[in-house]
Amino acid sequence: MNHNALGNVFILAAVAAAAGGAVPGLASGLMRRDAGLKWVRRAVWAFFLAMLGANLTMVSALVTHDFSVKYVAQVGSRATPLLYTVVSLWSALEGSILFWGLILGTYVLGFLLAHRHEHQRYLALALAVMLAVGAFFAFLIAGPANPFGEVSPVPLDGPGPNPLLQNHVLMVIHPPMLYLGYVGMTVPFGLTVAALLRGELGHAWMAPLRRWTLIPWAFLTVGIVLGAWWAYAVLGWGGYWAWDPVENASFLPWLTATAFLHSILVMERKKLLTLWTVVLGLSSFVLTLLGTFMTRSGVFNSVHSFTQSEIGPAFLVFLGVVLVLSVALVATRGHLLLREPGAFRSAASREVAILANNLVFTAITFVVLVGTTWPLVAEGMFGKRVSVGEPYFNKMFVPGAAAVLFLMGVGPVLPWGRGERGMMLRQLLLPLAGAVVALVGCLAAGLGGGWALTTFALAGFTTVVTLRELLLPARVRMEEKQEGLITAVFQSAARARRRFGGYVVHLAVILVAVAVAASRQYVAHTTATLKEGESMQVGRYTLTYRGMQSGKEPHREFVAARVEVSGESDLVLPRMNYYERSNDPIQTPAVLSRPHEDLYVSLMAYSKEGGTASFNTWVFPLVGWIWWSLPLLLLGTAVAAWPERRRVPSVAQVPSSAGQGAT
Amino acid sequence: MKGKQRNLVIALSAVLVAGSGLAFIALSNIGDNLVYYWSPAEMLSQGEKAYGPVIRLGGVVAPGTVKWDAAKTELAFQVATDHKPDAAKVPVLAREVPPQMFREGIGVVVEGTFSKSGVFTSERLMVNHSNEYRPPAEGQELKGYGSNSLAAGPK
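Chains A and B, in that order, give the protein sequences.
First residue of the first sequence? That's 1 in this note's numbering, and the numbers climb one at a time after it.
First residue of the second sequence? That's 1001 in this note's numbering, and the numbers climb one at a time after it.
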């Protein structure tokens, strides 16, 4: 069987499996029968295997250069190295949707396997909702975005993937991370919709809901940070974030998911903010759909946009359906989740701090969403083609980010419920000292800039609070149980993983905030055109141009400028890469990375006749910490998401739903 | 119960006030930071309105108009709406080194302001990478302003 037919068979099987699991699952779940789960379980396996088969078929077609397959003819080339050939599975629209399907299948299966012993009807409903989403994606692959179309006559060779994809290894990791983040939001969506349909959100499902949001949240975070790093290391314009529509598209669900991860704490502990949390969970999913639509429908032009495609209308319809159904569900069934709600007892409490955090996150989401979609509104309603400038986003985002940093420090100091005022004030003394020390230190070093100094002071405050929260339980253990420091930290972390992990993530976020503020405020920038032997000055570095060199690598040729940096023995080599079948060179900057600053040298142009080269150079203080915070962030997330040992079979914890009336 | 309802009303109205305040600030800020996408023909047809706001002018580099002064880092050229010889053209002055891909006939987007003197002052010059690796077809108006724009120009 050839690749085209085999791929189509797998895709049709996936459509059938997803639809065949979703419908009976929903029906039996709503009728409160247990029989559905058996079907759903088989459908999940079938959906996963069909998607796996379709993806393997495509990889096989790519690797064997079967140019009769439409997608291979589009992105394949005999000259591309094997790694990039495999990676081109997700380098263009159709392939990325196909890969998307596999990730969704894996998530749904993973969820099934992790919770196969849990409450049956709820599980069937949640899985059925996820499969319904899967059915839509499978339909997209089978119809409007079918990568297995037949090409005739069969071309001898293809154009190869986008050179930007091949230019840096980060491009191999960044897109799948984002996809894992985007697609993973389907799981909390399925869980919340199931809760609404059942009219009950049992306590037993709080931990899975939180954990299955934390996992895609972590992937989304990694994807966003790696994307920023890629933009910085590859594109050569001396920045990592430009508020590009597609960057915003990934940022929006991250914001709501972050808010969700905090409000669910209040929901669990205090039975407050239940509907709010549910709405955040639904919004995160809707925003991932919006993001996918914006990236893949061609309504925006950006560095990321895929070529114009047919999937726009289908996606818009799906987005509309999900939105309407979500609103309808919350409106008609939301009140069912609000049995025995709690109450806010004091304004100076943890739950109020988290509520404030949520409002700030929602506000940021709102302003970013407005700025991102405004060009569409303007074109649709007024027929004007406009874009919203970066200053808008910076002006709106920076105060919000400062507020988040502040709340990150204040929240942990405040107790749940109601606290004693004197004790809270005493607890604030040390963190305030931290803020003052940070501020005075910066001023003494001659640093200026209002927002940067605000950030550093808030970072000082929040760091003290966070470290205290991390280490205090360990200190208590050291005194009471005579344990060593390391044992005590380890033991206290193991006993409150979620709390410990959360604060480790907070530390990483503080690191990012400081790095962003410093690299924006204290940047030095110089541009110059140099003849051989001439020098330029950027920050405290003197750069001397020592002529050009060129070379050849298996899949590209390059021209590099040899630049001598004062105080360095090695030359730095900013270069331009030339790929086969592409006229345009791709710049690759040279980055000399240090803990305290980066020297960033970009070769803009060179002239063989004139013997000159033009450079764009920057010195960015602390910028590397934006991406070096990732290990800390992942460590924290892993600690928080690690499954706790099962103490009692959880079926016993679920209140029986018998006698609660039909739905 | 009554107190609870009153609290709910207060909370809801507070959220409403805060929300509309935020919407107001956001929308007025957007208004100040709008960047207009125009081709030379569209920009010239705006008349007085084109003087002042930040504009992204998209078109092609008109052949035979590029002057590069390396000593002063001054690049002068004309942006044409398309490849037709009678297309509307706007002279552009950029104080930056042209990116390596910059050449006559290539698609460009310049961001900057237009003045009464009839010269467009560029703050940022971006060259269109074509995603399909084809030069823009003759006579075809350029679609996709700024596609892959980040790859090209400095900030």
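The set of hints was computed from the structure by calculation and includes no laboratory data.
Treat each hint with caution, since some may be false.
[To be verified] Label pairs and their computed distance ranges (CB to CB):
(1) A/V59 x B/G1019: 45 to 51 Å
(2) B/L1016 x A/I486: 17 to 23 Å
(3) B/K1084 x A/E150: 45 to 51 Å
(4) A/G380 x B/A1011: 32 to 38 Å
(5) B/P1063 x A/H525: 56 to 62 Å
(6) A/N394 x B/G1019: 19 to 25 Å
(7) A/E568 x B/A1011: 58 to 64 Å
Think of the CB as a built atom: it goes at the ideal place given N, C-alpha and C, for glycine as much as any other residue.
Cross-check of the supplied hints:
1. The given range of 45 to 51 Å is respected by A/V59 and B/G1019, whose C-beta atoms sit roughly 48 Å from each other.
2. For the hinted restraint 17 to 23 Å between B/L1016 and A/I486, the CB-CB distance of approximately 52 Å leaves it violated.
3. Look at B/K1084 against A/E150: about 38 Å separates their beta carbons, and that is not inside 45 to 51 Å.
4. The beta-carbon spacing between A/G380 and B/A1011, approximately 34 Å, falls within the hinted interval of 32 to 38 Å.
5. Taking 56 to 62 Å as the suggested C-beta distance range, the pair B/P1063 and A/H525 does not conform, at roughly 33 Å.
6. Separation of A/N394 from B/G1019 is about 22 Å and conforms to the stated range, judged on CB atoms against 19 to 25 Å.
7. Distance hint check: the CB atoms of A/E568 and B/A1011 are about 60 Å apart, consistent with the given range 58 to 64 Å.
Comparing the model with each numbered hint stated earlier shows that hints 2, 3, 5 do not hold.
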